[in-house]
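Undergrad: Here is what each chain is made of, one letter per residue.
2 protein chains.
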Amino acid sequence: MPAADRFSGVFAPVITPFHEDLSPDPERLIAHCRWLLSEDVGLAVFGTNSEANSLSVPEKIELLDRLVENGIDPARMMPGTGCCALTDSVTLTRHAVNSGCGGVLMLPPFYYKGVSDDGLFRSFAEIIERVGSADLRIYLYHIPPVSQVGVSVELVERLTRAYPDIIAGIKDSSGDWNNTLALIERRGADFRVFSGSETFLLRNLRAGGAGCISATANVNPAAIRRLYELWQTPAATELQRELHELRDCLPMPLMIPALKAVVATFLDDPEWETVRPPLTPLGRDHRDLLLKKLAELKFAMPGRSAASSSRL
Amino acid sequence: MPAADRFSGVFAPVITPFHEDLSPDPERLIAHCRWLLSEDVGLAVFGTNSEANSLSVPEKIELLDRLVENGIDPARMMPGTGCCALTDSVTLTRHAVNSGCGGVLMLPPFYYKGVSDDGLFRSFAEIIERVGSADLRIYLYHIPPVSQVGVSVELVERLTRAYPDIIAGIKDSSGDWNNTLALIERRGADFRVFSGSETFLLRNLRAGGAGCISATANVNPAAIRRLYELWQTPAATELQRELHELRDCLPMPLMIPALKAVVATFLDDPEWETVRPPLTPLGRDHRDLLLKKLAELKFAMPGRSAASSSRL
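Here the protein sequences line up with chains A and B, keeping their order.
So for the first sequence, the numbering used here puts the first residue at 593; every next one is plus one.
So for the second sequence, the numbering used here puts the first residue at 593; every next one is plus one.
What the hints contain is simulated information worked out from the structure, not anything from laboratory work.
All values reported here derive from a predicted model rather than from experimental measurement.
Incorrect hints may appear among the rest.
Unchecked claim - Here are the simulated SDA-like cross-link-like pairs (lysine to any residue), alpha carbons at most 25 Å apart as the crow flies:
1. B:Lys705 / A:Trp769
2. A:Lys705 / B:Pro843
3. A:Lys705 / B:Leu846
4. A:Lys890 / A:Leu822
5. B:Lys705 / A:Asp877
6. A:Lys705 / B:His611
7. B:Lys705 / A:Leu881
8. B:Lys705 / A:Pro873
9. B:Lys705 / A:Asp840
10. A:Lys705 / B:Glu612
11. A:Lys705 / B:Glu865
12. B:Lys705 / A:His836
13. A:Lys705 / B:Pro845
So here's chain A without its partners, still in its complex pose (with noise of 0.2 Å):
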């Protein structure tokens, strides 16, 4: 299996927008897409930032298929499939293979806590036998910060000598910076190592690492992929500091609500704000502040931003 089918660059996990009633908007979400295309990002839809964790498992399929329908390419899609239970990964995973997703980026199951390696390494290992597909990349996603149970560098490996050509990377958002160097060092090239942030894309790149999927990249592709494309070149330190600017404007653990409203304001489309519960919206103070930092930084969401000028 050549690693060449693998997945490298800027994606993001993309945002997912909602109707007042709470329905998902197919509509809004494929111009969404559209777009970061045109910024050569590629699509992490129903990750974390997706709200995908709010979705059932019929929504999700719904809007994948309208996405692909619509002309989203789907070998640059990389849909979040790993849920609680087995069969509703199984479910996701076979419809995202099906579907000609390039790649998977698959939670562990993560309701129960304190389970062991073994119980992780069968759950994983019982999705790839069960969907049963050459096709078939998972990209693991670790994320303990919120879904509490990671994917250790150990797991990782035992999943890789299991399974070479299905386990193709992961997706490192722990924000400890070793253990994503550890990943790296320990399986090489053709496991390609995300960072769960554009915060260490450069030290990503610098190190063997195959880029970043980062929420911000919902609002800000071309900056992040501008590093991407540029950092074995001298501009490489001030571009990775810019973005280090920009993301320092978004306030967490809101970065939801907060991706939202910005994309809600350029578009001069207040509907972009709603998110789905239990998260709430911005709210105007913490927008109102959001947006003057944003201004002082002159930033812009260019062929996104017809009422960027006004907004701002």
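Position chain B against the provided structure of chain A, taking the given hints into account.
TA: Chain B alone, transformed into the frame defined by chain A:
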């Protein structure tokens, strides 16, 4: 709305049997539920110890339908219906109400961490409004050691003020007796506070609580029921001590595989040991030790133990 329609007593979060191919086994589940009801223990199917979060929504609906079709009284059922996704929680809760279930046990959405009480309130409120049935009775499920997202006393206050007829009680699996006590004292007798295990049963009843929902009721229902009935008699302290003694035999955090191993042993039915990933079976060493301890306590499962004398 009379408080008489609310639950009290002892409930088992009913363990879910699987076939060797990991599909749910309705036949064994029906037999287990029938036995639990004969011991006057209610059915909290699809709880944490039911591996409910390893089951898909269609699997849970199918199992609930099979139980009801086979004469298991839905009025004695409190199925777990709280999922990560709002739409899943609505689907399951609506199905439980339409099936005649006496109540539902509802986790908060548990993937996104650090969410506000406003967001959780909105989540529960959306489910209640969408189900839109006066027959709905919600027992909130507070289990921060597993779900990480809890249901605070303040959130309980807000929900009961907004939906006094719907929000019927809570299962407190925090392991923090002071939290249970605060819930009992602040909410009064019409709000049914269940302890998350029999460890606090006597204290719960003396303080004015409603009973317990405990994993060990899957194997030890009669003894737990006995304390529930005799808590005001001099025998109560000794009965509580005996419950502790048995519970201490069951290895944590391996409670689910241990309970299944006990049932498998007493029924001489090894298929009962099957668990879904990410859980793993108990293993021979743990099982042998467990059975030795149970034999020392002269533990039995009357009416469920044809094979017991030969196995212990």
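Undergrad: Each hint should be assessed against the structure and marked as holding or not.
TA: Status of the hints after comparison with the structure:
Our distance criterion of 25 Å between C-alpha atoms is met by lysine 705 (chain B) and tryptophan 769 (chain A), whose separation comes to about 22 Å. Annotation: proposed proximity of lysine 705 (chain A) to proline 843 (chain B) holds, straight-line Cα distance about 15 Å (limit 25 Å). Pair hint lysine 705 (chain A) plus leucine 846 (chain B) holds up; C-alpha atoms about 11 Å apart against a cutoff of 25 Å. This hinted pair checks out: lysine 890 (chain A) and leucine 822 (chain A) have alpha carbons roughly 22 Å apart, not beyond 25 Å.
The straight-line distance between the Cα atoms of lysine 705 (chain B) and aspartate 877 (chain A) is roughly 22 Å, inside the 25 Å bound, and the hint therefore holds. For the given pair, lysine 705 (chain A) sits about 24 Å from histidine 611 (chain B) by alpha-carbon distance, which is consistent with the 25 Å threshold. Of the supplied pair hints, the one linking lysine 705 (chain B) and leucine 881 (chain A) holds, its CA atoms being roughly 24 Å apart against a limit of 25 Å. In summary, the hint linking lysine 705 (chain B) to proline 873 (chain A) is supported, as the alpha carbons are separated by about 16 Å, within the 25 Å threshold.
Between lysine 705 (chain B) and aspartate 840 (chain A), the direct Cα distance comes to roughly 20 Å. Compliance with the 25 Å bound is thereby established for this hinted pair. Under the criterion of a C-alpha separation no larger than 25 Å, the hint pairing lysine 705 (chain A) with glutamate 612 (chain B) is consistent with the structure, at around 24 Å. Restraint check for lysine 705 (chain A) and glutamate 865 (chain B): satisfied, since their Cα atoms lie roughly 20 Å apart, inside the 25 Å limit. Among the hinted pairs, lysine 705 (chain B) with histidine 836 (chain A) is consistent with the structure: their alpha-carbon atoms are about 24 Å apart, no more than 25 Å.
Taking the CA atoms of lysine 705 (chain A) and proline 845 (chain B), the gap is near 9 Å; set against the 25 Å cutoff, the hint holds.
Going through the hint list in order, the structure satisfies each hint without exception.
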